[in-house]
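Going down the list, the sequences are from chains A and B. With my numbering applied, the first sequence covers -15 to 383. With my numbering applied, the second sequence covers 22 to 216.
Take the hints with a grain of salt, since some may be wrong.
[Said to hold, decoys possible] Capping the alpha-carbon separation at 30 Å, the derived lysine-lysine pairs in DSS-like fashion look like this:
1. 210/A <-> 259/A
2. 259/A <-> 118/A
3. 194/A <-> 210/A
4. 103/A <-> 118/A
5. 175/B <-> 194/A
6. 111/B <-> 330/A
Simulated from the structure, these hints should not be mistaken for lab results. This one's a predicted model, so the numbers in the text were calculated from it and none came from an experiment.
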Amino acid sequence: MQSFNPTAPARGVIEAGLVCEDLHRFLFRHLAARADLEPGSQQLLVGGVGSGKTTELLLGERWLREQGHALPLYIDISAETDLSSLNSGSLLASFGVHLGWSVLNDPALRPLVNEKTEKLKETYSKVTEYAYGKQVKRRVDPLENLGVVYGALQSHFVTEELPGKLKPVLARDIREIRQPLEEFLSVAREVNRDVVVIFDGLDRLLDPTKFLSVANQDLRLFRELKVSILATAPLSALFGAEVGQSISDHFDRVHHLSVIAADPRNGSLRSVLEKRRGSELLSEQDADSICHYSGGVLRDLISLARDAAEEAYVSDRDSITAADVEKVVHQLGTGYLRGLGPEAIKTLLNLESSKSFQVDQAANVELLLTRRVLEYSSTDFRVHPALLSVIPRTEPKRA
Amino acid sequence: MLDFESQPFVEIARRLEMRGGHGWIAVLSPPSSRALALDELQTELRSILQVPTRVVPLDTFTFEGLREALQQPNDDAVVLSAGAELTPEKWSRLDIMRSALERIGPVIFWLAPNDVANLTGSAPNIRSLIGASIFIAGPDGGIMTEEERRERLKELVQYFGLSNEEIVRRAESKELPPEPEFVEWLVLLGRGDLV
């Protein structure tokens, strides 16, 4: 049952062979191949929460590594710094730290590094200062301290913290980091390895305006440095009217990782369960039911299967029953339902009956971001089936 | 009104044990006796998972502070306790830093019932990891009335022939065997910290 863990780190799940690599038609290969072939290219992977973006990026990273002529660097930026106060230079700072560390530790680069170890270590320390800040000593003139009249009137030194880009906020010129980055990149290129940086976690910035404002300057410098980029972005980057357009214009390619329809004919979702030996736990019927109620959201699919097995276990039964599936679907649906007002419920019921959904409205984008509405294509929107199963059908009373 | 399943703390702890690591769960606290219930939840987690358990309040948090609290160490059980101060804006900030919260040990969100709306509406990334694992602290989860508590304590005193003070003294001097009855006894005395 531990193969059904929706919170297990994606890297471990890939290494355990529990991932269907063809689920999105080998999208990771397309992403990685373009990044490899066009140094300086910038691609965006857009998808809803739990759609499998991290898995695709990590598969892409592994593929690039296997090809042997790129140095891929996977960075979950949201684990390194507080994205809510992210500023220009943060992406470059994080990249610099990862790149420097890789260059200094990659066995393939060791002969080159050995020739200039001291210089590269010095450069690495510049990069870490840029990222994390440094302590500096500052001379204090006695006139600055006229309020304090004790002791001799002579200058002295104080130690101050200068913040870095990953410990914001400090407006420093992002050009400061260019030269150290070029130094590391030249070492990698001496052995014909172009650098591809994979930024995960940027999709947490649900507001695409914020995404663009912080990424803009950094992305420009990455392009100049001929470093290819793969980055994630939230669904609002695709559907949020004007900003969505500027994001599309900025990137060379925007890939949409849409939800996978629970269609028994193509069997994609069933293959996800099978890969994790789901048939040992679930009957055909229950597996189909779980696929349907997941709505094709991969994390919900894994979660429902795990939770149904857990229900059976805590009830001291050896196998999952339809009632277990029903119970966990109800739990999931109730979670999605909480906090929805009468207007939102009306929109959802209207979508269900008329298939009509105005994706340019802010309130509707919100429904997409919170996964109450799922996007199967740019024109096919549906209510999450687990939510649909618990929506009260009578007209809600107004307060 | 539709509601979540009610589960005693012992079942919640068993579920986390079954998951074997990286488990995320949300528990909706009872409206009254919140502190006592939290104490009892910790006791069940310690007893079943056999790992230390900590409560990390979410009323004021910073990225650095929360990351350090959850990653050092990263294999014990952490209860993230949300209070009324956790506004939708703060939930959004917390959501952005979800990756910094990911760890080997279990993460338990201790929420007031009305927090679920904020969780779903403002923190979709966190909600996604919790999935369907949202439970109400169940009636068997030890939400006893004061009378029931006194009655149970009387039973324990009579059965073991020891006073409440003696139990606390023995627990403090590490002389108390780790039997479930003694664990329960200490919790009923509000001394779950000695378990």
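Please write out, lowest number first, the hints stated earlier that are contradicted by the structure.
1, 2 and 5
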